[in-house]
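*Asks:* Below are the chains, spelled out letter by letter.
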Amino acid sequence: MNLTPDAAGADVHVALERVDMAFGDRQVFRGLSCAFAAGKVSVILGGSGSGKSTVLRLIGGLVRPQAGHIFVAGEDVTCLSERQLYGVRKKLGMMFQGGALLDSLTIYENLAFPLREHTSLDERAIAAAVHRRLDAVGLTDVDRLLPSQLSGGMLRRAALARAIILDPVIVLCDEPFSGLDPVSVKRIENLLVQINQRLGITIVLVSHHIASTMRMAEHVVLLLQSDDHHPGTTAVAGSPEELRQSSDPRVVAFLTDECDDGDARAADVAAGNT
Amino acid sequence: MGPAAAVQELGWYALRFVDQLGKLTVFAAQILRALASPPVRVRVFVQAVFDVGVLSLIIICVSGTAVGMVLSLQGYNTLVRFGAEQSLGAVVGLSLIRELGPVLTALLATGRAGSATAAEIGTMVATEQLDGLRMMAVDPIDLVVAPKALAMTVAMPLLSALFITFGLFGGYLVGVGLMGIDGGTYMSSLQSAVDFRDDVLGSLLKALVFGGLVGLIATFRGFTSAPTSAGVSAATTSTVVVASVCILLFDYVITALWGV
Chain A
0 MNLTPDAAGA DVHVALERVD MAFGDRQVFR GLSCAFAAGK VSVILGGSGS
50 GKSTVLRLIG GLVRPQAGHI FVAGEDVTCL SERQLYGVRK KLGMMFQGGA
100 LLDSLTIYEN LAFPLREHTS LDERAIAAAV HRRLDAVGLT DVDRLLPSQL
150 SGGMLRRAAL ARAIILDPVI VLCDEPFSGL DPVSVKRIEN LLVQINQRLG
200 ITIVLVSHHI ASTMRMAEHV VLLLQSDDHH PGTTAVAGSP EELRQSSDPR
250 VVAFLTDECD DGDARAADVA AGNT
Chain B
0 MGPAAAVQEL GWYALRFVDQ LGKLTVFAAQ ILRALASPPV RVRVFVQAVF
50 DVGVLSLIII CVSGTAVGMV LSLQGYNTLV RFGAEQSLGA VVGLSLIREL
100 GPVLTALLAT GRAGSATAAE IGTMVATEQL DGLRMMAVDP IDLVVAPKAL
150 AMTVAMPLLS ALFITFGLFG GYLVGVGLMG IDGGTYMSSL QSAVDFRDDV
200 LGSLLKALVF GGLVGLIATF RGFTSAPTSA GVSAATTSTV VVASVCILLF
250 DYVITALWGV
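Top line first, the protein sequences correspond to chains A and B. Residue numbers for the first sequence, in numbering that gives the first Met the number 0: 0 to 273. Residue numbers for the second sequence, in numbering that gives the first Met the number 0: 0 to 259.
For the record, the hints were derived by calculation from the structure and aren't laboratory data. Every value quoted in this text rests on a predicted model; they were computed, and no experiment measured them. Heads up, a few of these hints could be off.
Said to hold, decoys possible - With the Cβ distance kept under 8 Å, some of the chain A side facing chain B (calculated, not the full set):
no.: 1; residue: R88
no.: 2; residue: L101
no.: 3; residue: E116
Stated by the list, open to error - With beta-carbon atoms standing in for the labels, derived distance ranges:
no.: 4; chain 1: A; residue 1: R123; chain 2: B; residue 2: T236; range: 43 to 51 Å
no.: 5; chain 1: A; residue 1: E108; chain 2: B; residue 2: A4; range: 51 to 59 Å
no.: 6; chain 1: A; residue 1: D121; chain 2: B; residue 2: P226; range: 35 to 43 Å
no.: 7; chain 1: A; residue 1: E240; chain 2: B; residue 2: F49; range: 53 to 61 Å
no.: 8; chain 1: A; residue 1: A72; chain 2: B; residue 2: V39; range: 30 to 38 Å
no.: 9; chain 1: B; residue 1: P38; chain 2: A; residue 2: R25; range: 32 to 40 Å
no.: 10; chain 1: B; residue 1: P226; chain 2: A; residue 2: G86; range: 20 to 28 Å
no.: 11; chain 1: B; residue 1: V39; chain 2: A; residue 2: D121; range: 18 to 26 Å
To be verified - Residues from chain B that keep clear of chain A, each with C-beta distances beyond 10 Å, as calculated:
no.: 12; residue: L20
no.: 13; residue: Q85
no.: 14; residue: F168
no.: 15; residue: R196
no.: 16; residue: G230
We put the beta carbon where it would ideally sit given N, CA and C, even for glycine.
Only chain A is shown next, with the shape it has when bound in the complex:
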């Protein structure tokens, strides 16, 4: 099974074609090809070190591949200079694992910053836009707080608010659920689905959280490392249901191993809540 989003009948918004990536001597993946459909929530799954976060960084042009092509909203980002990449990045929003908010600025200033940089809005319009986004992620009375004064869940929501402040067409989320309690996980999950449905934004997220993935994803890309029988990194793609019913032993092993951890994810999957 290797269903690509276009096979599922949707336009491709982001695509990787035969991408090789290495950090020094460590080959992260070789010959990776996968695609993410426009207007859908896609989740990248994979074992530790499989290069999930690297895929997001490649899409954003933060790292360059050794070979291959990466198409983002119709442009091959591997051929663009750093300056040219800024044009593409204006169409992207990224929610980093640690938030990556500027720690010397308040939450309000963090959200206002991209608007001041890239729009000619006056301060009143900026304030309205910031509060609209903060309301959308359920944060109130945090304007004057510094990022260090927020809890993990609040920080992720603030980061998500900043990621969508410029109305991007694609939002990339790096491990949005890691280290959060189940209530916060559910809250972020709902927020991402709402943003996708209301604003039609393409969401590509990396997660270890199988239960959430199976609940919210319309499209899943599972990164599998090369072995004796499968040279190069393989991206097995499909809907959550297709993945669950897959007979590919590597997919079954991944889902089973992930669910054998004995945590809440296992219970979710076993109970069919996924």
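The hints should help you fit chain B onto chain A, whose structure is shown.
*Replies:* Same frame as chain A, now just chain B:
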């Protein structure tokens, strides 16, 4: 280690040195380009001048006074042997203005502000704040690096001038107040020995060069640090070591070339 291995090791160090030098040059060019092109980030620059300059005032003033005092004491004890204690003002003044002022200010600023700059930028690397800026289509060199490097360059001559002023004051306190030299003699000796163009402007020029060096090295080390706590720590240490050595080497070169 055999001779072949030693040569190989030496070659590796040489290659790494050239590689770092090349990257530093490209980095400097990127800073200059960011400074020369809009937007002009006045607020960020003023904040950086405050961090580098204003927050270093106490250490500069206290150190300047102490150095002036000890210079006066040592100078008096030496000059008095030759009956030339009337020249104390000239000795203290020329030593401070031509050499000690810019060099010690640069070393102190490296320890206080240079290390802080490297640590701040390194932490931004480790916490992905610089990547966050890139993803918002904002050049981190333009927003973070260039204002800090420029602030260091601008603040250094001012700090050096302050160091020298407090040093002269400290020297006056000891020479006139403690050793009993006439105040008028001290001041006239100082005034007649110091040339504004050769000594004062030369001193400020030295400080300007040191400021540029410290700003460049501190921002480069922070910007290229490994995204870990150990990486930030290494960047901070390396900033102090490399910048201090560069200050002393450039001091010799400037003195030899321009006689400042």
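*Asks:* Could you run down the list of hints and mark each one as holding or not?
*Replies:* Quick rundown of the hints versus the structure:
At its closest, the beta carbon of A:R88 sits 4 Å from a beta carbon of chain B; the interface hint therefore holds under the 8 Å criterion. About 6 Å separates the beta-carbon of A:L101 from the nearest beta-carbon of chain B, less than 8 Å, and the hint is met. Of the supplied interface hints, the one on A:E116 holds, with its beta-carbon coming within about 6 Å of a beta-carbon of chain B, less than 8 Å. Taken as a hint, the range 43 to 51 Å holds for the pair A:R123 and B:T236, whose Cβ atoms sit roughly 47 Å apart.
Take A:E108 and B:A4: their Cβ atoms lie about 55 Å apart, and the range 51 to 59 Å holds. At roughly 37 Å, the beta-carbon separation of A:D121 and B:P226 lies within the given 35 to 43 Å, and the hint holds. Separation of A:E240 from B:F49 is about 58 Å and conforms to the stated range, judged on CB atoms against 53 to 61 Å. Here the CB-CB span from A:A72 to B:V39 is close to 31 Å, well matched to the stated 30 to 38 Å.
Look at B:P38 against A:R25: about 39 Å separates their beta carbons, and that is inside 32 to 40 Å. At roughly 26 Å, the beta carbons of B:P226 and A:G86 sit within the given window of 20 to 28 Å. Range check, B:V39 to A:D121: Cβ separation about 20 Å, and the 18 to 26 Å hint holds. The Cβ of B:L20 sits about 21 Å from the closest Cβ of chain A, beyond the 10 Å cut-off, so the non-interface label holds.
Against the 10 Å criterion, B:Q85 stays outside the reach of chain A, whose nearest CB is about 53 Å from its own CB. Non-interface status of B:F168 relative to chain A is upheld: no Cβ of that chain comes within 10 Å, the nearest being about 36 Å off. Taking the minimum C-beta to C-beta distance to chain A, about 42 Å, the non-interface status of B:R196 holds against the 10 Å cut. Residue-level check passed: B:G230 sits 15 Å from the nearest beta carbon of chain A, beyond 10 Å.
The earlier numbered hints are all upheld by this structure, with none contradicted.
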